[in-house]
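Novice: Given chain L, put chain R in place with the hints provided.
Quick note, the sequences are listed as chains L and R, same order. In case it helps, the working numbering puts the first sequence at residues 34 to 189. In case it helps, the working numbering puts the second sequence at residues 34 to 189.
Everything labelled a hint here was simulated from the structure, so no lab data went into it. Misleading hints may appear alongside valid ones.
Copies of one chain are not kept apart here, so a pair can be met inside one copy or by any two copies together.
To be verified - With a Cα cut of at most 25 Å, we get these calculated SDA-like pairs of lysine to any residue:
{"no.": "1", "residue 1": "132", "residue 2": "158"}
{"no.": "2", "residue 1": "37", "residue 2": "127"}
{"no.": "3", "residue 1": "132", "residue 2": "152"}
{"no.": "4", "residue 1": "158", "residue 2": "88"}
2 protein chains.
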Amino acid sequence: MKEKAFQEYYPEHFSHCYGCGVLNEHGLRIKSYWDGEESVCTFQPMPYHTSFPGFVYGGLIASVIDCHSTATAAAAAYRADGRAMDTIPPLRYVTASLKVDYILPTPLDSPMMLRSAIKEMKGRKVIVTTSLSVDGRECARGELVAVQVPDTMIGK
Amino acid sequence: MKEKAFQEYYPEHFSHCYGCGVLNEHGLRIKSYWDGEESVCTFQPMPYHTSFPGFVYGGLIASVIDCHSTATAAAAAYRADGRAMDTIPPLRYVTASLKVDYILPTPLDSPMMLRSAIKEMKGRKVIVTTSLSVDGRECARGELVAVQVPDTMIGK
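Excised from the complex, chain L in its bound form:
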């Protein structure tokens, strides 16, 4: 049985996101999974996701880090609660701040591999750090502060 991605557990209200919503037919539909204590996401950009020819534009890198990190924050909160992601109440996170350091130009022709770790969990806040690499070379790093969405905003 194929493991479900974090995003496949999102409530319907959060499944329309351009970056990660399984219901957004125009979007990137990234998928995130656990790999031990870290979370991973592999994403192949399209040829038109270019900055200058052969390399990925910075906004895509920020987008993928953003959605993968908030997904990781939610998954970590379920883990900390000791329950599966399909149990209620649903937990969802939004981004309070995102910092991306662009280390090397990111090649467009191979998948980008994101690997994230939880740096801090405190109350409704989770800090997630991410390393983005292509063919084993680190091209960008991210740090994201995620905040839990109030129950009243989650919908059904």
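Specialist: Frame of chain L, contents of chain R only:
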């Protein structure tokens, strides 16, 4: 005569960017202009640029801040040189780091207005700060460190 946007002066090599390249038919094609000492950009997201219904996904906000800020860095460098953007040698900037603070959910149904200022220019580095608002309410703030691209990377 209509004023040309910063992006309309880019060398061909830099005109394919998904965020701002005039030659990228899939892209956002944002346009930036001076307004006195500040630069401005107005952008109307598409309905599918959603996070949850009615609001913009964070990656789009990061993308638009990114491209508008590097455009502003280049325009400011031409200004500091006392020359027009269609003179040579061409000046282009890439992003070394980007920080975005998400203050309020950004509504999807009205244009986002970006207004940027130069915080620092030193050697090949320019720091640009941005305020993003919708209908007069500030929804996000950005700070971007831009670095001048070496001449050898600009192409013709």
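Novice: Checking an output row: residue 158 and residue 88, CA cutoff 25 Å. Within, between, both or neither?
Specialist: between (33 Å within a copy, 21 Å between copies)
Novice: When Cα atoms must be at most 25 Å apart, do residue 132 and residue 152 count as within-copy, between-copy, both, or neither?
Specialist: both (14 Å within a copy, 18 Å between copies)
Novice: Is it within a copy, between copies, both, or neither that the alpha carbon of residue 37 lies no farther than 25 Å from that of residue 127?
Specialist: Within one copy only: 21 Å inside a chain, 37 Å across chains, cut-off 25 Å.
Novice: Is the C-alpha distance from residue 132 to residue 158 at most 25 Å within one copy, between copies, in both cases, or in neither?
Specialist: Classified as both; 16 Å inside a copy, 18 Å across copies.
Comparing the model with each earlier hint shows no violations; every hint is respected.
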